[in-house]
Amino acid sequence: MKLGVCYYPEHWPEAMWAEDAKRMAEIGIRQVRIGEFAWSRIEPSPGIFEWGWLDRAIETLHQAGLHIVLGTPTATPPKWLIDAHPDVLAVDAHGRPRHFGSRRHYCFSSLTYRAECARIVEVLARRYGNHPAIAAWQTDNEYGCHDTIISYSNAARAGFRTWLAAKYSQIDALNTAWGNVFWSMEYRSFDEIDPPVETVTEANPAHRQDWARFASDEVAAFDRVQTDILRAHSPGRDVLHNYMGMFTAFDHFKLGEQLDVAAWDSYPLGFLEQAWWPEATKERFLRQGHPDFTAFHHDLYRGVGRGRWQVIEQQPGPVNWAPWNPAPLPGMVRAWTWEALAHGAECVSYFRWRQAPFAQEQMHAGLLRPDSVEAEAAGEARQVAAELAAVAGATTTKAPVALLFDYEAIWASQIQPQGKDYRGLELLIHFYSAARRLGLSVDVVHPSAELSGYQLILCPLQIFWPEGLSAKIKASGAVCVLGPRTGSKTDDFQIPANLAPGLAQELIPLVVGRVESLRPGHVEQAGPYKVTRWLEHIQSDLVPEAYTASGHGIWYQTDKVDYLACWPEAELLDAVLRRRCEALGLATLSLPDGLRLRQRGAFMFAINYEAEPLDLCDHILGADSLDYVIGGPDLPAAGVAAWRIN
Amino acid sequence: MKLGVCYYPEHWPEAMWAEDAKRMAEIGIRQVRIGEFAWSRIEPSPGIFEWGWLDRAIETLHQAGLHIVLGTPTATPPKWLIDAHPDVLAVDAHGRPRHFGSRRHYCFSSLTYRAECARIVEVLARRYGNHPAIAAWQTDNEYGCHDTIISYSNAARAGFRTWLAAKYSQIDALNTAWGNVFWSMEYRSFDEIDPPVETVTEANPAHRQDWARFASDEVAAFDRVQTDILRAHSPGRDVLHNYMGMFTAFDHFKLGEQLDVAAWDSYPLGFLEQAWWPEATKERFLRQGHPDFTAFHHDLYRGVGRGRWQVIEQQPGPVNWAPWNPAPLPGMVRAWTWEALAHGAECVSYFRWRQAPFAQEQMHAGLLRPDSVEAEAAGEARQVAAELAAVAGATTTKAPVALLFDYEAIWASQIQPQGKDYRGLELLIHFYSAARRLGLSVDVVHPSAELSGYQLILCPLQIFWPEGLSAKIKASGAVCVLGPRTGSKTDDFQIPANLAPGLAQELIPLVVGRVESLRPGHVEQAGPYKVTRWLEHIQSDLVPEAYTASGHGIWYQTDKVDYLACWPEAELLDAVLRRRCEALGLATLSLPDGLRLRQRGAFMFAINYEAEPLDLCDHILGADSLDYVIGGPDLPAAGVAAWRIN
Amino acid sequence: MKLGVCYYPEHWPEAMWAEDAKRMAEIGIRQVRIGEFAWSRIEPSPGIFEWGWLDRAIETLHQAGLHIVLGTPTATPPKWLIDAHPDVLAVDAHGRPRHFGSRRHYCFSSLTYRAECARIVEVLARRYGNHPAIAAWQTDNEYGCHDTIISYSNAARAGFRTWLAAKYSQIDALNTAWGNVFWSMEYRSFDEIDPPVETVTEANPAHRQDWARFASDEVAAFDRVQTDILRAHSPGRDVLHNYMGMFTAFDHFKLGEQLDVAAWDSYPLGFLEQAWWPEATKERFLRQGHPDFTAFHHDLYRGVGRGRWQVIEQQPGPVNWAPWNPAPLPGMVRAWTWEALAHGAECVSYFRWRQAPFAQEQMHAGLLRPDSVEAEAAGEARQVAAELAAVAGATTTKAPVALLFDYEAIWASQIQPQGKDYRGLELLIHFYSAARRLGLSVDVVHPSAELSGYQLILCPLQIFWPEGLSAKIKASGAVCVLGPRTGSKTDDFQIPANLAPGLAQELIPLVVGRVESLRPGHVEQAGPYKVTRWLEHIQSDLVPEAYTASGHGIWYQTDKVDYLACWPEAELLDAVLRRRCEALGLATLSLPDGLRLRQRGAFMFAINYEAEPLDLCDHILGADSLDYVIGGPDLPAAGVAAWRIN
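Residue numbers (our numbering), protein chains in the order written: chain S, 1 to 646; chain C, 1001 to 1646; chain V, 2001 to 2646.
Check the hints yourself; a few may be wrong.
Stated by the list, open to error - Cross-link-like lysine to aspartate or glutamate pairs, in silico, EDC-like; alpha carbons within 20 Å at most: (1) S:LYS79 with V:ASP2191; (2) V:LYS2530 with S:GLU283; (3) S:LYS79 with V:ASP2194; (4) V:LYS2420 with S:GLU283.
Don't read these hints as lab results, they were simulated from the structure.
If we strip away everything but chain S, and leave its shape as in the complex, we get:
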């Protein structure tokens, strides 16, 4: 457990560097990330390298005892590179190359750009790969930021054709898999196939799903060029990438397999404003962020990193990029830091050291103001650094609950929502929130993960149901909760021959006869539960646990499996989980939306996300006599408590 910061020595006079490094260390910072946007300073003209400044910057930080994460600068190819190789540019859905002048203007499929990246990464890795201060490398920056996964370049089209040929071998296999007989969409060769774009009405969903898979694979292939070089020239250093929140356009698990550490960039207030929460929720958590949204991503990236992960960019104050950008509640930066650490982060690193007075992010706060005076977050970071000792040695252990997360299912739900507001990520976090309301710790894992040891497995959005998954779940002995649309598509994006839930019929004997999506405002009442958005009409010999007034079962249960035939509102999810936890002997609480717990090893952490004080005694039996190591039962707004579990 340590703290870090993101630093841009190239933005400041060299005379300030030593003092900056000293102040970082004084605050308690141990890691510093640099370099990820500095290509034009490292190589100001083609083949002309300026190493002096970077040598000295690294040395200065090293002298202050800081470990360095060095970023490859490939997110920002300079103008001379673009002018020399215009085919590097990403191409939008209308066939127009994106323009230079911000960042991420490259196409992942451009082989020209991959060669340029290999070149710059290799010179960096050769020069600094064995420097004692270099602890890790970050590849590129926030893959997918600004919706950049998809490019409609010639390179992407050629790559897609090659990818399809490798997958299907014969064109007839593709025609059959996609059902191209429909609307005379049959192809005679792979070279006839284009990206699914600018069609008159929607393209074939199987076409779109394969395009999404291809685009995701291109990210991993692009990154692999860099990780191979870094591992060759910088042995013993971690390689990480900084993922973002809410980005689902590529498979983070697949990229994660190539990395040593998953890192992510946590901006709770910006995410709250951008996401789907209703207005009242956005107002309630205006200066705190949504309690479960951030935590969900912590648990996700712990899964992506196979246990090793960090927050490499932590919001320290108002940002510049959301529609509105409020300031965090006093203490909230500390609370966010502790939430991440409670979930097992190796490091929480603030973005950025000093607010820049120029360019696109000049309104983005740092630990220091542009005039070098400490901003509010600096003191909160200092406080966390001082508190770290109290929970030393806490290691993260397996949670009792696993939540299965499959990026392919999110693409499928976007490609074929069937109801306009069927948002896959929302449903996943909706289930996650239900577990967290009960006080449970959760692991977010890929369906291919080892599942033994879990007591409860949540499958909110397992649209594709892999062969073998049913057996693995049975073998785990866990109780399993299946959401709507489970197993509703084959890998070829077809309806299974035995209808949904397809292969998951191995777990529960029912068939989805038909489905309907329901417009906002329409509620189907099912006893005490409300159903919105989605309702399945089930055929089964099972007697439903609840059914709508029109007679449709919405909750089916066997010994080990629950199936929810609807978009469940919170009350239904709570009832399902609470009943199962009671039977499993898992202790549960009834936490208000603003209070969350998370266990890390021998310690339990509690964080108050409300703008008002909370008394833990109102929510946890015996909270007044716990073995507190941080705080106590009276949690102020943004307050943190931690206690040793007996």
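Put chains C and V on the given structure of chain S with help from the hints.
The following block gives chains C and V in isolation, referenced to the frame of chain S:
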């Protein structure tokens, strides 16, 4: 009166065909439509035809006693055709060709494509034109679907110039007609004229109106290529086209003149979700569709087909293409079927036989589920088939009320709404609803139609008032109700020299001095009536029947004519129609929004669109003692009753 | 003080001209504007001029005693010119040339077009420059209408590079000023720089601000070509341009320096509908327009024209171009005319004489209907003409209050709103309304204006704080009210080294530590005041006059200066201004939103914008015994009163 279904033998193993045909017949289906998307199976490579499968499919259906409607496959030109002739593609408003990968990607003006269509239609017509099972041909599929009437291709531009030269002869005539002196828009030759697109601000409305007329004419010309070939090679068979609901971008009457039968595709739930109804209406009729919207289209297409029409695609369950896609109420598919038959349909044909498990419409219900089990609608179709005998021999007769419908006026209201929510189609259906609330049957007819025999003629949107129409109306002896904007434009899209209502001043002595459009929420109270959206300031010696608090008359009346100088709310329309019906001796009712009647010959039909039961006795005097042949006075939700009129 | 009208002789048969001119004179009109869209009639083919009709039109108007403002026709280059020189067309953000068919389709940067303009203006000026009827010239028409200031043409790109090279001399100076080290955006030469468009995420704000400055300068350069020619060939005539309301994409003051008179086009109802007012405000002033919006523009253009200005297009009835287009309240056209005259207009000219029956504006009212009958506005104009004598000789004097208006600040607030609803123009008018509610007359001036003589200087949006402005304000002795974000950017669009308010710290000792933007609905209560949208966290030794519940000061005050650290709601603004006015001895009133006063010389005017009557005695002490020259204390809806100030 018969039932039908849409079937895609090419989607299923040949081994299933015979059983499918047998089951269709068992349900009571007599007509089957096939072939309209099968080009890539008929001609998998240029000039290489595969007839075997289609020969056998037709034979199999024939053996089961089914009549076939064979579709020309021109809505889905295959990839090889597009690659060989890229000029076939439609071009969007920004000059970009549309891409292959869905359907309707062709440009109506492409002479290359017309030649390709002639080629494929001729080989089809020659092969099957005299087959005893072929009862009819369908040309193409849903002209205009996915907003495909307009294309900005080079072919369209060239065609537009030719069309303009033919219409105006001299360029000065066009300059004068359009008023091009305004803003120096004068042309020196027809070859200087482009489609009205991507101008800095709105293009000249006369330019846009002529562009809309040209585009509409292109559809008829495109279709004519096919109908000429079909009539030449398949004598004695009907030629039809399947129109859609809510599509107004081309003149359906003009195309209809070339057809034997007008068919349309009725999707009440999808239309409800897509149209302008307020949220409460969408919720109320969520699983039933709007009672008047579907019926309006029935009456429209009866007019388009000069009496001969059918529903060739009837929604049988949830669809896939609306923002939300709920399931129909139990019994609703039967009710929809009876509504169509009551309005005079020759056939109601369900789309589709079996739900496809693949491609774009995999979430669209059929009579069978993908696993061949009967879906809900199959039983309802079977019930209708059994009930048909009860109303045998009922023939449709002229209704007492005619509603004039002019596609050109809809384009004009879109080109120059003057108030953002002045929606022509909405106003037409708004008037139609008023007549239906009174229990009246309505014919929807083109202004060129014979009007003798009608007692009441409604003109909600007769923006262009043809010469001779006044005389024809006078000659009919009918009472005539004119809506706002009547006669407000000359054919050249100019304000008439005598101001609005222009030539309709032959019917009523008043002048529209000026008009104003009113923002949503603004209401002008006129005694008991509310005025919204639109208010005209009238000069007339007539004393208005009602006027606003600010003194503007909104309802003027002569012996035979009413003029409404506003967007009338329902109360005003009801008052106008009720007063006139009383004087005419037309019996009226006061039906709630969920109950509708329609006469077919000697039978009256009643349909309950509410989700709750209705008692006819609450709304029709003596309903308990009618001569019921279907149902009775107690109408369950989605219930149908029919009785013989004494 | 006089009245005018806009007339298009080319739209009407020559036989009507003499009668038209006579009727104008009879109504009391003295000025007539003609010619500004007539290029295709003056030069129907390249180099072929048709002068006869224009000679006769001018002569006819002259004979009727009318003074002519002759427009250059450069807003509407004819088709032959576009076809001969396609590079004349403006290019949109996606690189597509705009199409012919409406107006303003040219690019300001096109040197080809500037040459064509010089050609046509010179022949016009040589022919009519010394004609006795020609009183003034109007250059082009409504620069910026339909969002036409920006063009992404090759000519604009080349011009931008030249402009940047002239500004920065060395590319490193630009890189430093823009902070291009951020994201490796550094350039090696000016020829590498493109317009800031189609970047993946936002472009550098400094890049965008310079692009906006360049585009604005291009308008002035384009116009200068014409004004130079006009002054050379038409000595002694005024040159004016007709600005629009709400247009802020170019610097009106800068263009104004080249003009003799600033004219503007006032459409109160269209502006009300298009602007940001809440629904209730739009409903309340539906037929009146917003009382302060129009007046603000009068005061602005008086500043732009250095005292000489007119309304050259006054809305006379419903227009055609707003989403909804209601009619003005009876009397409102007279009231608008008097409001303009009260603010010092030299002329109020109605647009247009007779409503055109054709083309884009056929639904735009005139003084006459298309059938030549007088429309409502004609009588109101006649009434004003008769009333003019009552206030003869009234000259406009300096107001007690100056409001600083800087177009560059508006661009900055659009480029970097930081909160989505931070609308610069809204904030300026929000401050203006506060002064008007107190009954104060206001001058809207550029920050470079002479400030001596003002008692109160309002700076709602002075984001860039010029060197010397603090000293000038101090020297004026006036009290100064600074809005949020004052001085928050250097000219290079950087945060000042001493943080905001930067150079304005010379006026008040405080520092903005950080800022936050607040989503709609979020309110921070500060004693009796509400804060929304924007809140600054201030460091200062000053004790705030008010602070939020969370402890942030929102109002700081010194002897001569107020600083508002938030988006102030009306109550706070009123409190600030009222306290200062009391101390300054400026008499204030508490006017309701619908009542406004304005002084012109020895006369005070009152106008009632409510749809209900008002009694001045309820709002002004002694209103029953004033020396009225128009009207009296009982103001009907749309009523006007004027009295001599004792």
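Pairwise hint evaluation, GLU283 (chain S) against LYS2530 (chain V), where the allowed Cα distance is 20 Å at most: holds (16 Å)
Holds or violated: LYS2420 (chain V) to GLU283 (chain S), with C-alpha atoms at most 20 Å apart: holds (16 Å)
Hinted pair LYS79 (chain S) and ASP2194 (chain V), Cα distance within 20 Å: The hint holds at about 11 Å.
Restraint check for LYS79 (chain S) with ASP2191 (chain V), where alpha carbons must lie at most 20 Å apart: holds (11 Å)
Of the hints listed earlier, there is not a single one the structure fails to meet.
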